[in-house]
Each structure stands twice: as C-alpha cells, then as structure tokens.
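S.K.: Each chain, letter by letter, is given below.
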Amino acid sequence: MMVDFGDGGDVALARLTGRLDTAGVGSVELAFTARVVPEPRPVLIDLTGLDFIASLGVRMLITTARSRGRNGRVLVMFGAGPEVTDILTTMGLDEIIPLLPDEAAARAAVTD
Amino acid sequence: MGGVLRDERTQFVALPVGGSSTTDRTHVLAVMNGNMAGTRWPLPDSGLSIGRSPPADIVLNDPAVSRLHCRIERRAGQVMVCDAGSTNGSFVDGRKVMGEALWPVGSLLQVGGLALQHDLASDAQLRRDDERLRDLYTALAYVRAQLPLPQAGGAVEIDWHYVPSTELGGDAFGAAWLPDGRFCCYLIDVSGHGAGAAMHAVAVMNALRPQALAGVDPGDPAAVLARLNLLFPMESHADMYFTIWYGVFDPATRRLVHAAAGHHPAWACVPGQAPQPLGTRNRMIGTPIARPFAAAEMVLPPATSLFVMSDGVFEIVDTAGRAWQMADFVALLRPGSVSGLPRQYHEYMQQQVVHGRFDDDFTLLALHFA
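These protein sequence lines are chains A and B, in that order. For the first sequence, the working numbering gives the first residue as -6, with consecutive numbering after it. For the second sequence, the working numbering gives the first residue as 185, with consecutive numbering after it.
Same shape as in the complex, but just chain A (with noise of 0.2 Å):
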C-alpha cells in the first residue's frame, strides 16, 4: 500500500494505491492524515490505483474528512474502479466525500 502527494495547482493530490486493509491502513495512515488534514487547498484523493478498502480504510478517509470539515476544507475523492465504488457507495462514503469519475470531475467540482 502506498500514499504519494501531487501539487495541482490550486487543489492537493493526494494518490491511494494497492490495498487499504488493516494492514493498509496501518502503513500510510499517519503520512496520508499528516499531510491531507492541514492542506489549505482543496484535496482531490486519487483511488485509481486503489484495488480494495476495508473498513478501517473508510474509517480513515471519515476522521480524515471531519477534521478538515471543521476548517471548512474540501475534500473529494475521484478515479474509482468498480469493485471499491461498490463498497464506497454501498458504506454510504460517497455521501461524506464526494466520488467523482476522473480528476477533471473533481478539480470541476471544487472549483465550482
């Protein structure tokens, strides 16, 4: 499981890739709420390299989303493929983030 960060400009990359189970979960959690949860800008979290998400997974993008909800902080998710769209949506995350197709829906959506 790797996190990696973008700068795009006027909104924040922030790229989820491999399996985000416990283990997942365990190895990029303090990098991905280190970096996303103070970002000032907009942050765009690219699944497109995301194969799976657990629980704990969705655990962390909710407390993620929370605490930059408390500053008024965008975040939107986009670029995931249909196995973890099922469980996004099937969670209700999507009702939390925003999911978007690709990464132009998302810079479109927070620019807006």
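By construction, these hints were calculated from the structure, which means they are not laboratory data. Beta carbons: idealized from backbone N, C-alpha and C, even for Gly.
Computed Cβ-Cβ distance ranges for the label pairs, DEER-style:
hint : chain 1 : residue 1 : chain 2 : residue 2 : range
1    : B       : 284       : A       : 87        : 55 to 61 Å
2    : B       : 378       : A       : 60        : 19 to 25 Å
3    : B       : 423       : A       : 97        : 28 to 34 Å
4    : A       : 87        : B       : 461       : 16 to 22 Å
5    : A       : 16        : B       : 268       : 33 to 39 Å
6    : B       : 331       : A       : 97        : 48 to 54 Å
7    : A       : 60        : B       : 326       : 30 to 36 Å
8    : B       : 324       : A       : 65        : 41 to 47 Å
9    : B       : 238       : A       : 16        : 33 to 39 Å
10   : A       : 16        : B       : 506       : 17 to 23 Å
11   : B       : 474       : A       : 16        : 30 to 36 Å
12   : A       : 16        : B       : 326       : 21 to 27 Å
Just so you have them, the derived chain B footprint on chain A, three or more residues with Cβ under 8 Å:
hint : region
13   : 38 to 49
14   : 52 to 65
15   : 71 to 84
With the hints as your guide, set chain B onto chain A.
M.R.: Okay, now just chain B, sitting in the frame of chain A:
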C-alpha cells in the same frame, strides 16, 4: 505462557515456561496460516513435539499429520526439525526433512496444513503477545455468549457459522421472536479489529434487545437504525462505526421488512429462482445522516432461505491471486453449488483463500422460512 488455546484444527498444549534464547531474544514458532495465524509460541529449552494426538505438544487435527509427526529441538544454539517417520513428511522451506534438518530463523516449516515460521522475539514482545491474546479471547468469549442458539424446526430455522479472524473483527448477530409474534434478526460489522471492535459490537447487541429499545418498535427496521445512529455516533465511540442488516418477518403475512445501513444486501433464495438481493441504501451507523433511513420489504414464499453475511465471507484473495466480489459468493448460493449449510460454505471458502486464512471475521447466518 501457558493454558490451552484452540481453533477447530489446532490445539496448543501448555508449554513449559522459559523458551530458548539467543542473547536477549527467544526462539519462537510463529503460526503463519489458519485461524491461529499471527500467534507466536516460545520454543522451550526441552524442545517440543508436533502430532495428531497427545502427548504431542502441538496437536493438529489434520489427517495429513501422523500421530507423532516431528520434534523441534535446540542443539548447539541452533533449531533442528527431526521427522519422526511421518507418513506425509515435514518440510523446511519446501524441502522434505530426511531424518533431521536445520530450521534457520526466518524459514518455514510445513506439517500437514500448518505453516510455522522460526522467528526470534524479545521477552517484552512475548509478554505483549500474551496480554493481547488474553484480551482477544476474553472479548471473543463475551461475543460468543451473546450469540443466538441455532434452531431446527419451527416457522423459522436458524443456522450460522461464525469464525473470528486472528485479530477478532467486530462481527455480531442476533435473532429472536418478538412478543407480538414477529421474528427479528440482524448482523452487525464494526469497523476495525481487536477487543475494542468486539466490545463495541456487544454494546450494540445489548442496545438491540427489545426491552432496551424504549419507545422504538423493534419490528420497524428504519426506526431501529435511526435509534442506533443516535446512540452510537463515531465521535463518542473511539471513531468506530458499524454496518448493519436488520430484518423482521411476520409469519402471519409472510412479509419480511428489512433495512441495511452501510451493509451489503442479504440474499433470499426462493426455490426455483435465482438469489435475490435484499438491501437498502443507507449510510453506515455512526455518522450524521441527511435523510431518514430507508426500508424495503419482500413477501417470502414457503421454503425460502435467507443468507445474511459479513463482508469477511466473500472479500478474500484466492490462491490464484484473484480478489473475490460478493457476486462470486452469491453464485455459490445457487442450488447444487455448495450446500445450504453455513459451515460447509466456510469449508469451501477456506479452501479458496490463500493459506486458509481469512483477514476478517467469517459470519454467515442462514435462516429458513418454512
């Protein structure tokens, strides 16, 4: 380190205190597969034996294991595997042990279906393991004590199979007849693993007892979920949320009213028809919701079976490296594919999953409506 821990296939008999140590670290046997995976046991100075029956120190209920299969011994600072003339052999890193063989640190010993790694651990690590295991087993005993008994015969038959993962997930379930003659059942899955998730599951189970749902009709799934969402916000429960499937069956009308929150559907198997999903889209329990919980209903024809499961049942990576989806498991629910018994589904899935090890609790509840 003592006592007896067991899963369905493996029994570790109490070992003498005082493992062999290299400087400040102790030689340990780390279980790599099965439901005891992750468990580490110190290797006593006197060594230990592995076999299918006592007096072996590690007893494996596995037909591929001989009565006395092999011994693990310390010699001149090294660890040796001595095969006791077993029928199917002992293997170190895939090589058959001819008589005896060195078992280097980091290598795997295979005996029947069990894989053990020779490892080194500090006393502090072993103490932490011991405390963690004790906590997990206490939590597991508590969860098990709350589970309903299987019921054969009657208007609704109940069967289930629950196998907690090594780290103990947060699965729990219940089934009960309500005072007004309706039948209620549910399955919950708390986020995360460990004693904390299990304790949260028990707290939810207690809240779901009809007498605890003051002012809420336990036969109204949407109202029950709304009450749970008020009672268990993530922020005041260590950031844990849970998913739930909740259903209520009225034998008089044969209506099953159901609601799911963050949970995948249950599956109704009507004779002669393909499995039908029974689910509703509601957010998981523990977060503020923007709209009322939705419920749905289905009239169950006679002889309908209903399968309610946790995601640990189907979210596996199989031995071919393929990640299963729910549809793969649902295909097994078709007549003639596996069988109707939860235990047999578990056995089948255990054959599919890598090392026979599930990453999450396996909970499968089967209800049969006469």
